[in-house]
Each structure stands twice: as structure tokens, then as C-alpha cells.
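Turn these sequences into a full structure, and let the hints guide you.
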Amino acid sequence: MGISTSLVYLIGLPFAGAAILLLGGRRTDKWGHLLATALSGSSFALGAYHLIQMVNRPAEMRPTSQKLFEWISVGSFNVDAGLLLDQLSICFVLLITGVGTLIHIYSIAYMSEDRDRRRFFAYLNLFIAAMLLLVLGDSYLSLYVGWEGVGLASYLLIGFWNQKPAYATASKKAFVMNRVGDMGLSLAIMIAFATMGTVSFSGVAEQAHHTSEAALTAMGVMLLVAAAGKSAQFPLQAWLGDAMAGPTPVSALIHAATMVTAGVYLITRSNFVFDAAPIAQLLVVIVGAITLIFGALIGTAKDDIKKALAASTMSQIGYMILATGLGPIGYAFAIMHLITHGFFKAGMFLGAGSVMHGMNDEVNMRKYGALRHFMPITFITFGIGYLAILGVPPFAGFYSKDMIIESAFNSGGVQAIILGSLTLIGAAITAFYMTRVMILTFAGTKRWDEGVEPHESPWLMWLPMAVLAVGSVTSGYLLYHDKALYKWLSPLFEDHGEHEELLKPIVVSALALTMVAIGVSIAVYKYMRENVDSIAPADVSFITKFVRKDLMQDQFNEKFFMRPGQLLTKGLVKTEDVVVDGSVRAVARMAIGSGSGLRGLQNGFVRSYAALILIGALALIAAIWVVVS
Amino acid sequence: MDASNYLYISALLFTIGAVGVVVRRNAIVVFMCIELMLNAANLSFVTFSRINGNLDGQVMAFFTMVVAACEVVVGLAIIVAIYRSRRSASVDDASLLKR
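Protein sequence lines correspond, in order, to chains W and D. Using this note's numbering, the letters of the first sequence correspond one by one to residues 26 to 654. Using this note's numbering, the letters of the second sequence correspond one by one to residues 7 to 105.
Certain hints may be false.
Label pairs and their calculated CB-CB ranges [stated by the list, open to error]:
1) W:A611 x D:A17: 44 to 54 Å
2) W:A642 x D:A75: 17 to 27 Å
3) W:R614 x D:L82: 43 to 53 Å
4) W:L643 x D:S96: 23 to 33 Å
5) W:L623 x D:T21: 25 to 35 Å
Hints in this document: simulated from the structure, not taken from any laboratory. These numbers come from a predicted model, not from an experiment. Backbone N, C-alpha and C fix where the C-beta goes; we use that ideal spot for every residue, glycine too.
Structure representation (C-alpha cells):
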């Protein structure tokens with residue numbers, strides 16, 4: 026493994042940007058956004074330089090590390106704060122800084138009217154720095170710092186317009202639900218430390234062979250909880266929809282392309298734990314499968330364009346989590362889908378932002394319609410993202426999603442059939458709701474509110490969309506061609522040779538495309554007509570109502586976690602009041618009572634003092650007499 | 007004569023003195039009762055000196071007399087001072103320290 030001295034600058038540049046913008050205050054208002062964009066861009070350039078260096082080295086020499094300082098040194102327990110750049114982290118570094126820089130550029134125009142634009146860019150830079158720390162840390166502990174950092178940045182950015190109480194609540198909800206996942210991560214770290222005595226990735230990978238399966242399973246399950254919290258997976262998925270309260274570039278960067286994929290990174294990075302813990306692996310698959318269907322179903326009923334995309338994100342990350350749960354055959358494809366998804370989903374979110382920009386911040390798709398004539402560039406870039414997420418060849422999603430469906434079918438046993446069918450059904454539902462979004466937004470008739478005059482966005486906004494659209498077309502083929510990404514990542518995973526092939530790739534593709542075609546045709550049949558209601562119809566079936574309420578996820582959480590939690594808190598407060606404070610107060614009362622009781626003896630009369638002395642002396646004599654005789 | 011009879015007298019004198027201190031209000035009487043108790047103790051000292059056949063008890067009795075003489079000087083001075091300021095020799099009237 027090589028040693029590098031420049032890894033720290035990858036993180037340091039955006040972090041310096043955040044510090045300058047936050048500490049500099051109003052003085053940096055004029056040029057703050059430019060500085061932030063430039064620093065993010067230079068971080069990307071540095072990442073690209075590292076990639077070129079890596080490609081030119083032989084495979085075993087590719088990872089580089091940098092020791093920063095001795096962090097914790099207690100007895101035999103030593104943690105160095107160090108950075109590790111290997112084949113996996115470089116993918117993330119380039120995705121984070123690349124998409125991040127594009128979104129910085131987009132935000133210059135998108136946020137130009139906002140008087141707090143500088144603060145926004147400071148938070149964006151803070152997020153980039155924290156996310157880079159998350160993927161570059163060489164131990165679970167440094168990962169944890171980045172993990173909390175992105176949580177903080179996400180909280181600050183969701184609640185960026187916190188003058189609206191609903192938005193402030195949404196940011197709090199995201200933060201609290203993320204804390205549940207963070208608890209899982211901290212427990213996983215503790216388990217690693219307790220059973221293996223180390224928290225570094227290399228140390229845990231080494232020790233994993235000599236550790237009991239029970240400990241590894243416990244650690245794996247806790248890591249899964251962490252991943253579910255950060256990646257909005259079942260059962261901690263409910264925050265992602267509300268997180269759309271943040272400005273749209275934030276939704277594109279944090280809640281589509283990068284932060285929510287941290288769970289996939291965590292599981293892939295911990296492959297040595299999951300490979301040795303089949304039960305944890307099975308749970309990962311189950312969580313992924315549930316979420317991919319769950320998110321897709323929610324997506325079918327959303328009228329808010331951003332929430333529909335958020336549900337789609339949840340579903341697509343479900344695909345990735347499912348792939349990571351399949352073990353060594355899935356990791357590379359999970360990362361591949363993660364990268365292509367980063368392109369097309371960020372592109373679509375920016376497109377949604379562009380539509381909102383032209384429609385006076387209207388988010389209800391039922392009030393759009395016929396926008397393709399007024400926003401041609403947005404229409405084309407969004408359309409490319411749409412084709413990519415559907416998995417139409419040769420767009421990016423075709424390669425990555427097909428690979429996941431294929432590996433699901435090839436994972437062996439009954440599980441393979443179930444998982445494969447679920448991924449296919451998910452693909453059909455995805456096709457349905459994405460087509461619905463397309464038709465409601467860009468096709469059909471005008472259903473705009475009065476006074477809305479849609480217009481194409483400025484070039485600063487459509488340029489990033491165009492770049493991401495190019496990525497949505499090409500990234501899939503580039504990563505798939507000659508198994509490029511698979512070979513690139515394979516030194517990191519223990520592959521157990523060839524796998525049985527249940528279905529041939531061409532059959533899987535044909536099946537997937539058939540399912541997509543079914544989904545699209547249902548959507549076209551339902552929504553491609555003259556008059557779509559501009560208010561969601563109320564006389565709908567029970568199932569539709571159920572789905573519109575997000576499959577009761579909030580009600581469920583409220584009934585089973587929030588209310589009992591509140592009861593528990595109230596009970597504890599009461600206990601604290603009665604038992605803890607009560608005993609303290611009783612001691613105080615006793616002291617006061619005995620004091621005021623004894624005060625009666627101090628009456629000031631000399632004779633009573635004399636009598637007391639006499640009684641005392643007599644009592645003493647009597648006591649001595651009793652003892653002696 | 008049995009020496010223990012002197013001890014009984016001593017105990018009787020001490021009891022009379024102690025009861026007098028507790029029950030009487032007049033400071034002069036209280037003062038005299040204290041003297042009575044001191045002298046009861048003196049009587050015991052002298053008796054024990056006789057019983058044990060050495061002079062330690064008699065020496066102690068002299069010390070007690072010296073202390074009692076000093077005490078009389080200070081005590082009477084205080085009583086006279088109190089009487090001058092409040093026209094009363096009752097010990098219950100001098101109960102202001104508790105406030």
C-alpha cells in the first residue's frame with residue numbers, strides 16, 4: 026500500500042471553504058459562492074489526479090493511505106486518525122466532488138434570489154467535506170465522524186428555510202430518525218472493539234476470520250440498522266419524503282446522489298463482516314427487497330414531484346442494498362447502480378428544481394402539464410434521466426439495474442426466484458410512476474395556476490443538468506464495458522468463483538424490458554388523456570388512499586414508537602420526580618424538621634439548661650453503673 | 007465512726023444544691039446552691055483523703071476553695087451588674103441570648 030501526503034487536501038479544501046464562509050460572515054457575501062464552487066471543483070480535480078495515479082499502478086499497489094495524527098491511545102488500544110483511498114473510495118470521491126461541484130454551479134443561479142446564499146454554500150461545502158471524510162476514513166471511528174458530519178449538514182440544509190415551521194419539523198424528523206441509525210453504528214463499533222479489539226477496516230477484516238459468527242452477526246445487524254437510518258431503508262425510511270423540504274439542489278446532492286447512499290458504502294466496506302455472517306446478509310437482502318417495493322409503491326401516489334422522486338430514490342437504494350446483501354456477486358453492481366443512479370437521479374432532481382423555478386415554486390404535478398414546449402432543455406435532460414432509471418438500453422440504468430436483477434436471479438435457491446421476481450415487479454412499478462411523472466409534468470394540457478409563466482432556466486442551471494444527462498447516457502456502458510468496474514473493485518472482495526446461472530443475461534434483460542413496457546403502458550393508458558384533474562380525486566379505492574398516506578408509515582411510527590416513547594418519557598419523568606427527587610427532598614425535610622424540633626430546647630432559660638446538664642450527667646452515671654455492674 | 011456517713015451527707019448536700027439551682031429563680035439563691043454543691047464535693051474529697059490515708063483529697067479541697075472564692079467575686083459582680091441594669095435578680099428575666 027502506498028503512502029500519500031495529499032489525501033487530506035481532498036477534505037481540507039471544502040472544509041476550509043465552509044470555515045471561511047461561516048466565520049467570514051457578510052464580508053464574504055459577494056464572492057462566497059464562487060469560492061465554495063472553486064474549492065469543491067479543486068477537490069474534484071485532486072480526486073481525478075489520484076484516479077489517474079491509481080490506474081497507472083498495478084492492482085495491489087493502488088490503495089494509498091495517509092496517517093494524520095495519533096487520535097486515541099489508551100493502553101493497548103490505539104486509533105490513528107488516518108485516511109485510506111482505495112478502489113472503492115475513489116468511486117465515491119469522484120461522485121461526491123463531481124456531482125457536488127455541478128450542484129454548486131446550479132445553486133449559484135437557483136439560490137441567487139436568496140439572501141442567505143452564502144450560508145447555503147457554506148453548508149454545501151461542509152457536507153462535501155464530511156462526506157469525503159466518511160468515505161476516506163480508514164477506521165469505523167473516522168467513518169463515524171464523517172457519518173455524523175453528513176447528518177448535521179443534512180439537518181442544516183433540510184431546515185435551511187426554517188422560518189417555515191413545517192420545514193423545521195422535517196429537518197428535526199430527519200435528524201431524530203437518523204439518530205436511531207447512528208446508534209446502530211456506534212453499537213457496531215463497540216462490538217468490533219469488544220470482540221476484536223480494533224476498529225480499523227484492515228484490523229477488522231483480519232480479525233473477522235477468528236471471530237465467532239454470533240459476534241459478526243450482531244455487528245452486521247447493527248451496521249444494517251445504521252445503513253437503514255442513513256439510506257432511508259425500511260424500517261427507518263419515513264424521513265426521506267419530508268427531507269424534500271430542503272432546497273432542491275440539496276435534495277439532488279444529499280438526498281439522491283450521495284449521503285443516502287452512505288448505507289450502501291457502509292455495507293460494501295464491511296463486506297468482510299457480512300460475508301461471514303449469513304443471517305445478517307439475509308436481513309440486508311430482506312430490508313432491500315421490502316424497501317424497493319415500498320418506495321416504488323409510495324412513488325405511484327405522490328403528486329408532489331420532489332416527493333415522487335424521493336420515493337423513487339428510496340426504491341433505487343433498496344435495489345443497491347439488496348445487491349450488497351447478495352454477497353461478493355452483488356457488491357460491484359451495487360456500487361455501479363449507485364454511480365449511475367447518482368447521475369440520473371441528481372439530474373432529474375435538478376430538472377424538478379428547474380421546473381419549480383419556472384413555475385413559481387409550484388411542486389404539485391397536477392398543476393403542471395405541457396411544459397415540454399416551454400422548457401425544452403429541462404424536458405430533454407429530465408427525459409434522459411427518465412429513460413435511464415427505467416433501464417432502457419443503452420442508457421445507464423439498463424446496465425446497472427439489469428446486473429442487479431441478474432445477480433438476484435443467480436443468488437441460488439428459492440431466495441433467488443423470490444428476489445428476482447421482486448426486482449422485476451419493482452422495475453415495472455418504477456416504470457409506472459416515472460412515466461406518470463413525465464406525462465403529468467411535460468405532456469398533456471396546461472393546468473397551471475393563473476399568473477404562472479413557465480420559462481427555461483438560465484444556463485448556469487441547465488449546464489449541470491446537461492452534464493449529468495451525458496453521464497446518465499454514458500456511465501452505464503463505460504462501467505459495464507469489459508466488466509470495467511467489476512475488475513476495478515474485485516481486489517477488495519473475496520470472490521468465491523463462478524456462480525450458477527439461473528437465467529441467461531439476455532433473458533433477464535428481455536424480462537425486465539417487458540415489465541418496464543407493462544408499467545409504461547399502464548401509466549400512458551391512465552394519464553395520457555385530455556383532462557387530468559388538477560386536484561387529486563377523492564373518490565378513490567381503499568388501496569389508493571392507503572398508498573397516498575405513504576403506506577401508513579408515519580401513523581405506524583407514531584402509534585408504535587412515538588406514543589409509547591412519550592409514555593415512557595412521562596413515566597421516567599414521574600419516577601425521577603417521585604423516587605430520585607423525592608428521596609433527596611425527604612432527606613432535606615428530615616434535617617429541617619429535626620432542626621426546628623431541637624430548636625425548642627434553646628429557650629434561653631439558664632435553669633432549663635442546668636436541668637438538662639443534670640439529667641445528662643445522671644444518665645451518664647446510670648449508663649456507667651449499668652455497664653460496670 | 008464509719009467514714010461512709012460523710013459521703014451520704016455529701017450526696018445529700020449536693021442534691022439539695024442541684025435541686026436549688028433548678029427550681030429557684032433568685033440569682034443569689036442559685037449562687038448559694040452552687041456553693042453548696044462545691045462544698046459537697048469538698049466534703050467528699052476530704053472523706054476520701056481520710057479513707058485512703060493520703061493528702062491528695064485535702065489538697066484538691068484547697069484548690070476548690072480558691073476556685074470558689076474567685077467564682078464568688080466574678081459571679082457576684084455579674085449579678086450586681088444585671089440587677090443594676092434591669093432591677094431584677096431573677097435568672098428567668100435574663101433570657102435574651104436566644105434571640
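Hints, verified against the model:
Separated by about 48 Å at the C-beta atoms, W:A611 and D:A17 satisfy the suggested range of 44 to 54 Å. Between W:A642 and D:A75 the Cβ separation comes to about 25 Å, which falls inside the hinted range of 17 to 27 Å. For the pair W:R614 and D:L82, the supplied restraint of 43 to 53 Å holds, since their beta-carbon distance comes to about 48 Å. The hinted window of 23 to 33 Å between W:L643 and D:S96 holds, with their beta carbons roughly 26 Å apart.
For the hinted restraint 25 to 35 Å between W:L623 and D:T21, the CB-CB distance of approximately 29 Å keeps it satisfied.
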